[in-house]
Amino acid sequence: MADQIQTSRPKGRLDSGACAAFETELTGYLNAGAQRLLIDFSDLDYISSAGLRVILMAAKRLKASGGGLALCSLNETIGEVFEISGFDRILDIHKNADSARAQLAS
Amino acid sequence: MFPSHIKGGTFLHDGFAAELGSDLTEVDRVGRLIEEFGERTGLPPKLIYHFTLAFDELLTNTISYGFPDGMHEAITVSVTLDDESLVAEILDSGIAFNPLERDTPDITLSVEDRPIGGLGIHFVRTFMDKVEYCREDGRNRLTMAKYLKDSA
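Residue numbers (our numbering), protein chains in the order written: chain A, 44 to 149; chain B, 3 to 154.
It is worth saying that the hints were derived from the structure and are not from the lab. Certain hints may be false.
[What the hints assert, rightly or not] Pair by pair, the computed Cβ-Cβ distance ranges are: (1) A:D86 / B:T128: 39 to 47 Å; (2) B:G23 / A:G109: 40 to 48 Å; (3) A:K138 / B:S87: 44 to 52 Å; (4) A:T70 / B:D71: 25 to 33 Å; (5) B:G120 / A:A64: 36 to 44 Å; (6) A:G71 / B:T78: 32 to 40 Å; (7) B:D105 / A:T67: 16 to 24 Å; (8) B:G44 / A:E119: 42 to 50 Å; (9) B:G44 / A:N118: 17 to 25 Å; (10) A:A75 / B:C136: 44 to 52 Å; (11) B:Y149 / A:Q47: 45 to 53 Å; (12) B:A76 / A:G109: 30 to 38 Å; (13) B:D105 / A:G109: 26 to 34 Å; (14) B:D108 / A:K138: 26 to 34 Å.
[What the hints assert, rightly or not] Listed below are the simulated DSS-like cross-link pairs for lysine-lysine, each with C-alpha atoms no more than 30 Å apart in a straight line: (15) A:K54 / A:K106; (16) A:K138 / A:K103; (17) A:K103 / B:K151; (18) A:K106 / A:K138; (19) B:K48 / A:K138; (20) B:K48 / B:K151.
Glycine is no exception: its CB is placed at the ideal position from the N, C-alpha and C atoms.
Build out the structure end to end from the sequences listed, making use of the hints.
Here's what the structure looks like:
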């Protein structure tokens with residue numbers, strides 16, 4: 044489990060109403076011992092601070108356990124939200140899933 | 003209530019109003035109302051995204067913290083478009099809360115030091131051209147505006 048790359052692919056909108064399910068999903072992977080997590084944004088249209096909170100939670104847990112988190116395929120507006128948050132400077136963000144996987148596997 | 007019409011590329015008066023319950027699923031509903039409004043008026047998608055996000059963050063605050071004893075009070079929202087700006091108002095009878103008093107988060111902190119939360123209001127301030135709060139008649143009134151000249 045620890046060596047595998049666990050992938051989450053949220054769909055549609057990650058707002059305060061939808062982020063509980065997303066948090067449950069990520070917490071499930073982390074509690075099961077996942078150490079390499081890829082969050083693929085290919086199918087995501089929208090994210091609010093509620094969604095970012097869940098990603099920061101996962102980043103903190105993986106940092107503490109010596110694991111890795113990578114994000115990929117952010118659309119333009121989601122990318123802008125990450126920049127305004129300063130998250131683009133503290134998280135590992137890739138253009139596509141292949142690049143993110145390569146980073147997590149290294 | 004407001005007929006939708008665009009003439010010669012100029013946005014004419016349009017808008018909508020809605021009454022919401024104090025439940026987080028309402029945030030999604032307002033997001034969809036704003037998207038429909040954006041399609042109907044032909045406003046730039048990026049502006050609509052920013053507007054939706056600002057609305058989302060403010061409503062999430064109000065719904066999450068404004069009604070601590072579990073009462074389900076209505077929240078009224080309205081959006082008005084004229085030639086110069088897109089203006090929104092959120093009115094609620096929850097506890098007095100001025101979201102603009104929150105400190106701006108330090109966005110240079112590391113993952114370890116970064117507090118969870120505080121970003122919502124930062125988005126509102128960043129994406130909107132004007133945000134104002136007042137408490138009147140036992141209600142919170144939040145108004146925000148986006149000027150169209152910057153985003154057309």
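Hint check:
A hinted range of 39 to 47 Å is violated for the C-beta pair D86 (chain A) and T128 (chain B), which are about 26 Å apart. As the Cβ distance of G23 (chain B) to G109 (chain A) is approximately 44 Å, the hint placing it in 40 to 48 Å holds. Remark: the range hint 44 to 52 Å for K138 (chain A) to S87 (chain B) is contradicted by a beta-carbon distance near 36 Å. Between T70 (chain A) and D71 (chain B) the CB atoms are about 29 Å apart, so this pair conforms to the stated range of 25 to 33 Å.
In this structure the hint that G120 (chain B) and A64 (chain A) lie 36 to 44 Å apart at CB is violated, the actual value being about 23 Å. The beta-carbon spacing between G71 (chain A) and T78 (chain B), approximately 38 Å, falls within the hinted interval of 32 to 40 Å. Look at D105 (chain B) against T67 (chain A): about 30 Å separates their beta carbons, and that is not inside 16 to 24 Å. Separated by about 19 Å at the C-beta atoms, G44 (chain B) and E119 (chain A) break the suggested range of 42 to 50 Å.
Take G44 (chain B) and N118 (chain A): their Cβ atoms lie about 21 Å apart, and the range 17 to 25 Å holds. Between A75 (chain A) and C136 (chain B), the C-beta spacing of about 49 Å keeps the proposed range 44 to 52 Å intact. Under the hint 45 to 53 Å, the C-beta atoms of Y149 (chain B) and Q47 (chain A), about 50 Å apart, fit the expected range. Judged by the Cβ atoms, the range 30 to 38 Å given for A76 (chain B) and G109 (chain A) is violated: they are separated by roughly 49 Å.
The given range of 26 to 34 Å is respected by D105 (chain B) and G109 (chain A), whose C-beta atoms sit roughly 32 Å from each other. Between D108 (chain B) and K138 (chain A) the C-beta distance comes to about 28 Å, which sits within the given range of 26 to 34 Å. Taking the CA atoms of K54 (chain A) and K106 (chain A), the gap is about 25 Å. The hint holds against a cut of 30 Å. For the hint linking K138 (chain A) to K103 (chain A), the alpha-carbon distance of about 22 Å falls within 30 Å, and the restraint holds.
In summary, the hint linking K103 (chain A) to K151 (chain B) is not supported, as the alpha carbons are separated by about 41 Å, beyond the 30 Å threshold. A distance of roughly 22 Å separates the Cα atoms of K106 (chain A) and K138 (chain A); the hinted pair therefore holds under the 30 Å criterion. In summary, the hint linking K48 (chain B) to K138 (chain A) is supported, as the alpha carbons are separated by about 21 Å, within the 30 Å threshold. A C-alpha spacing of about 14 Å is found between K48 (chain B) and K151 (chain B), which places the hinted pair at or below 30 Å, so the restraint holds.
In the structure shown, a violation is registered for the earlier hints numbered 1, 3, 5, 7, 8, 12, 17, in ascending order.
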